[in-house]
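Chains as they are written, first to last, in our numbering: chain D, 1 to 327; chain L, 1 to 119.
Don't read these hints as lab results, they were simulated from the structure.
Backbone N, C-alpha and C define an ideal beta-carbon position, used for all residues, glycine too.
Hints are supplied without guarantee of correctness; some may be wrong.
In silico DMTMM-like cross-links for lysine to aspartate or glutamate, where the CA-CA straight-line distance does not exceed 25 Å [as the list claims (entries may be wrong)]: (1) D/123 / L/116; (2) D/123 / L/61; (3) L/46 / D/281; (4) D/77 / L/44.
Per label pair, the in silico range of CB-to-CB distance [stated by the list, open to error]: (5) D/68 / L/17: 24 to 30 Å; (6) L/6 / D/262: 48 to 54 Å; (7) D/260 / L/69: 55 to 61 Å; (8) D/152 / L/90: 56 to 62 Å; (9) D/285 / L/61: 27 to 33 Å; (10) L/90 / D/271: 47 to 53 Å; (11) L/25 / D/257: 34 to 40 Å.
The following residues of chain D were derived to be distant from chain L, with all beta-carbon distances above 12 Å [said to hold, decoys possible]: (12) 160; (13) 173; (14) 200; (15) 244.
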Amino acid sequence: MAGRSGPFSVLFNLVFAIPFVAIGGMTLRAGLEKVVAGNGSGFLLMLFGGVFAGAGVRQVIQTLRGTRSAESVAARKQGPKAGADEMPVVAARRPADYRTGAGGNVSAREAYGAALDDAPLPKIELRQGRVLDHALGLERKSLNGELVFALLWNALVLPVFFVSLGHGNGSAGFFMLIFVAVGAFLGFRVVKRLLARQKLARVEIDAEPALLGSSLRIHVEQGGPARVSAFRVNLVCREEVKYTVGTNTRTETHDVIDELLLEDAFEVGLRDRWSRELSAELGPGAPPSFASSNNTVAWLIRVRAEIEGWPDYDETFAFRALPRPPT
Amino acid sequence: MSIEIRLDRVRVEPGGTISGRVALTPLADEARLKVEMSVLWETEGKGDTDMGVVAYEVLADDDAERGSAEHPFEQQLPLLPLSYDGTLIKVRWLVRVRRIRRFGNDLVVDEEFYLDVGA
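Okay, chain L solo, but in the shape it has when bound:
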């Protein structure tokens, strides 16, 4: 499956809205499997990863019809946390699409955006 995430804006102010489209294109003879989309913040760096999910949605599952599909989304974001790039800690905001595979690693596509004042 090919997954593409297109964001309308990359920089969003706190309390603003992130919007865009997710395009799913299954490959030929590919089994139907679950595809999830989430809007989340995630820490990165020396510490163990923490995550906060702002929105979660199942875009496709076993019952979904085959064929390419475009899923527009729009999600209001919280005031905090802001995107942060520090020495030991980074806080990243992502739109993540995960295609669940029964055997093998999931296909995960992330598109980062920045939540900051003055966006």
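One chain only, chain D, in its complex shape:
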């Protein structure tokens, strides 16, 4: 349960912040006097003083904020929605559709309406489908971070390696081989994943959000040329949590549901497409989608393919599944 900062903790944090504010302030002032006197080095002093004083002021603000309850801070962040005299606005309208008996054919999107925007749900990427209504995007899309890191690493390590070899420094060069090896591994991994994604399957579903207690139609498509020795499609419901241990953030997952929907092997010719339509039952009591900063219940279509002469892929496509609203 969330608490507030205790009085001694508040006192300690304020006492800790005071030297930062004082020293930063004095340095800032000294720098300003130098600048006014025409000494350019004063700018550096001002910068240094500003950073220090700013850090101290930030510490004071955060400490004083900690004296408010977590609930009042959260209510303030959410704005007028959680005001004392107002009804909560996290709920949206209650659409008449499902009240008037048309509920059986109402989609989750129609039933929930604007509540989908405010509710703690995963953000997913959707495109117009070709066969079914919605084409799903990858759960974790960007390889940019990995790519940039690999490029930076190699950009720093390789010149140093070649320079040390050029100077005939064998022992330094040998030592640098470790870093070169790491760079090669990083580069190989990201290139492999980029290549694998060039032959990634396309996944479409008929309803998004899907309704728990109903059947979900899934269309999977693999483009060629590809000789696929193993192709597996799974329906997965996954809990994922993040927690802090010291300064480290750790992630843990647990698959509540992991159902194999398809296992096959096939060959696809150049400019050809192989496809299958599948159906998955989403149980009425299955976990609904949920996402907050540190906790997620995600629904995924997992597709794994082993392609001869090409990097394999193992990717997940995210969608949301929600319970049928009450009638």
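With chain D fixed as given, assemble chain L onto it according to the hints.
Quick look at chain L alone, frame taken from chain D:
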């Protein structure tokens, strides 16, 4: 201070209303302090705690008159999130009353209710 939360119902359907009463009984010679009430969902489990506040209200503060007080409340709830009891994650809906103490830990009283379909 003694704090008691009484809910009219423990199971509420999505979009429904949670109602009840909060009874505050200050103890003799007790200083006047702030008392807040919120209706919120909170995660519990292995992950760091997340919270979403649906309603927040100050029931009593330094200016409040002393003596027992009953505070009825009624709050419409959103359609999501539902109460959930999983392996790594639990989502709990609570009515929480917090009495702010100047020195020492706050007095916090929670009353859980369940937001689920078929309630």
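Right, here's what the structure says about each hint:
no.: 1; hint: D/123 / L/116; in the structure: 23 Å, holds
no.: 2; hint: D/123 / L/61; in the structure: 40 Å, violated
no.: 3; hint: L/46 / D/281; in the structure: 29 Å, violated
no.: 4; hint: D/77 / L/44; in the structure: 21 Å, holds
no.: 5; hint: D/68 / L/17: 24 to 30 Å; in the structure: 28 Å, holds
no.: 6; hint: L/6 / D/262: 48 to 54 Å; in the structure: 53 Å, holds
no.: 7; hint: D/260 / L/69: 55 to 61 Å; in the structure: 59 Å, holds
no.: 8; hint: D/152 / L/90: 56 to 62 Å; in the structure: 41 Å, violated
no.: 9; hint: D/285 / L/61: 27 to 33 Å; in the structure: 44 Å, violated
no.: 10; hint: L/90 / D/271: 47 to 53 Å; in the structure: 50 Å, holds
no.: 11; hint: L/25 / D/257: 34 to 40 Å; in the structure: 48 Å, violated
no.: 12; hint: 160; in the structure: 40 Å, holds
no.: 13; hint: 173; in the structure: 45 Å, holds
no.: 14; hint: 200; in the structure: 29 Å, holds
no.: 15; hint: 244; in the structure: 6 Å, violated
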